[in-house]
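*Asks:* Each chain, written out:
2 protein chains.
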Amino acid sequence: MTEQQLAAVKIDRDRLWRDLHETCEWGKGERWGEGTTDIGMSRLTLSDADKQVRDWFVNTTESLGCKVQIDAMGNIFAVRPGKKAGPPTFAGSHLDTQPTGGRYDGILGVHAGIEVLKTLNDNKIETEYSTGVINWTNEEGARFPISMVASGVWAGAYSLEKAYGLVEVGGGKATQKSELERIGYLGSLEASYKANPIGAHFELHIEQGPILENSEGKIGAVEGVQAFKWFIITVKGKDCHTGTTDFQNRSDAMLTAAKLILHSHNKAAELGCLASTGILTLKPGSTNTVPGFVQFSLDIRSREDQKLLELENVLKSDFAQIAAEKEVGGLNTLGTRGRGCTVEWQLDTDSPATKFHEDCVKCVEASAKAMLGTDAGGKVQRMTSGAGHDSVYTARHAPTSMIFVPCRDGVSHNPSEYCSPEDCGNGAQVLLGAMLRYDRLRAEKGA
Amino acid sequence: MTEQQLAAVKIDRDRLWRDLHETCEWGKGERWGEGTTDIGMSRLTLSDADKQVRDWFVNTTESLGCKVQIDAMGNIFAVRPGKKAGPPTFAGSHLDTQPTGGRYDGILGVHAGIEVLKTLNDNKIETEYSTGVINWTNEEGARFPISMVASGVWAGAYSLEKAYGLVEVGGGKATQKSELERIGYLGSLEASYKANPIGAHFELHIEQGPILENSEGKIGAVEGVQAFKWFIITVKGKDCHTGTTDFQNRSDAMLTAAKLILHSHNKAAELGCLASTGILTLKPGSTNTVPGFVQFSLDIRSREDQKLLELENVLKSDFAQIAAEKEVGGLNTLGTRGRGCTVEWQLDTDSPATKFHEDCVKCVEASAKAMLGTDAGGKVQRMTSGAGHDSVYTARHAPTSMIFVPCRDGVSHNPSEYCSPEDCGNGAQVLLGAMLRYDRLRAEKGA
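Same order as they appear, the protein sequences are chains E and U. The opening residue of the first sequence carries number 1 in the UniProt record's numbering; numbering runs sequentially from there. The opening residue of the second sequence carries number 1 in the UniProt record's numbering; numbering runs sequentially from there.
In isolation and in its complexed conformation, chain E is listed as follows (with noise of 0.2 Å):
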């Protein structure tokens, strides 16, 4: 297809809101959103309410012309067929939710896909290669406590025994397979990237952040995901009396893990990295006593591996000196110098970081321009995803991107989750054209 040719097929943006809220009947959740007249999700993956929305995809997709297959992990793969053989370009995301979710993480993405093929339809576009849909299960991780599982277990990063072991979470008996085997998604396709190969995986999300629309972008061209790593950092000093005790006598636990907090902060800042601190508990735990032992996750993440490396290894050295009452950074003032703590580190998570296909973030930014034309410019953005997604795993095994449109106020996994019909049509449009733009450029290459 020409540029031209490309220019003139556009989706249907008020088919692809009308079915995303229609499907949101099952599952249901029960708060209303912020500010919005749409009620959260809550549709735990191998649910009825999975069930329900499996079966409206499988439906859908059929009616649609697609060849549907269900793996051994109830991934669904709904194929339209192309001119040539081999493995289709796909889009792809999951319709499960957290237990008080939004209508655009997962969902906006599957939806998009079949709102791809819909458009492909009705404008008679045969492509090149096999276009289709898939829809991963369990991506959230929230009933069986693993995220990404189903994609994982098709890239070989766990095995369908530890996959189907998983019992859901709360106290229940489930398990991944037994919950597969009641809804019947538990396939006969083998979940494997050898046995069923993936041509391309375009996959739409939602931001989850708000850095597209602090700085008016509309479309992420999604270059990859960070790598990150989770720490358990130990600060012990020793307990004493808050009345009694100078500053020079105390090893104060809290007000050195005070100090790391704040030094792993500019240290990332310093490093174009990210450092959060989200959990702490400390002992004894009494307004007059000074705690003798800190205990807090230090989550630190990257683009790059070896930023990352770099920024976890200045971090070490650092804190053993802020801890033993060195002057570092500008933390350890005379007055308040004590006699210092020690300090143990524990790695929890070590996940490294994952680059997508350029052929295929190329095929998104140049659908991202064309879309929105003289008027792109910073509108379109390469970014780094902050957070796993399925496509994480697809990139190891065939050519990958994803497509980041604006959420309002950057909020994900709560009821109040929003994006746009505006946001959610481009990312369809653009979808779409990085698809055909791939297809494209697998025929030019023979791929």
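Incorrect hints may appear among the rest.
Which copy is meant is left open, so a pair is good if it fits within one copy or across any two.
Lysine to aspartate or glutamate pairs mimicking DMTMM-like chemistry, simulated, CA-CA at most 25 Å apart [what the hints assert, rightly or not]:
1) K51 - D409
2) K326 - E270
3) K307 - D246
4) K229 - D246
5) K177 - D14
6) K283 - D348
7) K162 - E310
8) K83 - D348
9) K326 - D409
10) K316 - D305
11) K51 - E422
FYI, nobody ran anything at the bench for these hints, they're computed from the structure.
With chain E held as given, fit chain U onto it using these hints.
*Replies:* Only chain U this time, still in chain E's reference frame:
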């Protein structure tokens, strides 16, 4: 008495040490003190063990020729007659302990007072005014939860009704009154500084901090008790995803709290005050969620009420600025500057400074210097008590001072609490000297 005569009067250090450990058989704790052969104490106020040691106190002081009176709060006043009429010069402290306390906190002060009486008898010294020893009820506040409550009633700080109504902690039904009655120590004397005035109050106590030990000091001449205020500080920001939210778009309550805690210490050091955070809680408490809510305790202390107010005021102003991401004290570097948080202050406890009587402090100082001789130098130090004692209340209505002696590592309220025989003896010797010097001073002044 001349200085020469005073110098010749010496307490019996061995007797003091032996007597103290003998009475510690009543209310022995379960755990052995670390690195000592002593067992810790568990002699809760008005318990059976407390009755036993009270009976010993009454019998001992009566056998020394004292008149013993018990007031409505169970405070015991043992008085050895002097030449002149007028309220007695007392040594006072307490025989009750924490549930897992030590053998020196309070106990040393009472035993040293009795040793003073024994020494006066041994040396056939007739004082100008009567001298005596007080055992104050429930200094610890561990069983009936107001500390120093019985000296507080004596001073008019609490009503007898309020003190009587206190119910024991831990779910029991006993009240302070019912237990006073049960052990036979609800006396007929009115618990009041008006009905039962005190001529002066000297209290020997372990320091409960490491200042003397670390500076090779032997005697603290205590000038007063610090003012302190307890606040609960609430920092409100906004939860967000640690991976998808850059620093600029965060309202990170934990990072803000870390800055506030560090700043409170820096400002306190600058103004010669103390600041401490012993409790911190946050929400929601997940490694990959930046917390939108943090609450922490802030304990600030100073010798001067005015200084404490100055610290409070500067922190109130600076906390608001820091939370609003303004630059204060080098804490808000550009790199981590976000959208800001709000800070709320709640005052929990407000305890003004206590100033002891200069005459009494000088008597302590002179006695310490006389005892240590040419060796005194920095071994006698003017100090401010960081913790509260019964002397806080006696100081409201009678000339008062305290004598501090070092305790190992500054540890108190713990079975490992330890004060060496040398330091116990030093303290009792200074107590004797201070009481005799004050007695002489009163006679000179004709008070």
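*Asks:* For K83 vs D348, is the C-alpha pair at or below 25 Å within one copy, between two copies, both, or neither?
*Replies:* neither (48 Å within a copy, 76 Å between copies)
*Asks:* Have a look at K283 and D348 and pick one of within, between, both or neither, based on CA distance no larger than 25 Å.
*Replies:* both (22 Å within a copy, 21 Å between copies)
*Asks:* Since the copies are identical, ignore which copy is meant and state whether K51 and D409 lie within 25 Å (CA to CA) inside a copy, between copies, both or neither.
*Replies:* neither (31 Å within a copy, 66 Å between copies)
*Asks:* I want to check one pair: K162 and E310. Are their C-alpha atoms no more than 25 Å apart within a copy, between two copies, both, or neither?
*Replies:* neither (33 Å within a copy, 61 Å between copies)
*Asks:* What label fits K316 with D305 when the C-alpha limit is 25 Å: within, between, both, or neither?
*Replies:* For K316 and D305, only the intra-copy Cα distance (16 Å) is at most 25 Å; the inter-copy one is 42 Å.
*Asks:* With identical chains, the pair K177 and D14 could be close in the same copy or across copies; at 25 Å between alpha carbons, which is it: within, between, both, or neither?
*Replies:* neither (37 Å within a copy, 78 Å between copies)
*Asks:* Using 25 Å as the alpha-carbon threshold, which applies to K307 and D246: within, between, both, or neither?
*Replies:* Close across copies (16 Å), not inside one copy (40 Å); limit 25 Å.
*Asks:* What label fits K326 with D409 when the C-alpha limit is 25 Å: within, between, both, or neither?
*Replies:* Classified as between; 23 Å across copies, 40 Å inside a copy.
*Asks:* My question is about K229 and D246: at a cut-off of 25 Å on alpha-carbon distance, are they close within one copy, between copies, both, or neither?
*Replies:* between (37 Å within a copy, 16 Å between copies)
*Asks:* Is it within a copy, between copies, both, or neither that the alpha carbon of K326 lies no farther than 25 Å from that of E270?
*Replies:* Answer is both: 20 Å inside a copy and 19 Å across each meet the 25 Å cutoff.
*Asks:* Have a look at K51 and E422 and pick one of within, between, both or neither, based on CA distance no larger than 25 Å.
*Replies:* Result: close neither inside a copy nor across copies, 29 Å intra and 81 Å inter.
The structure shown violates the earlier hints numbered 1, 5, 7, 8 and 11.
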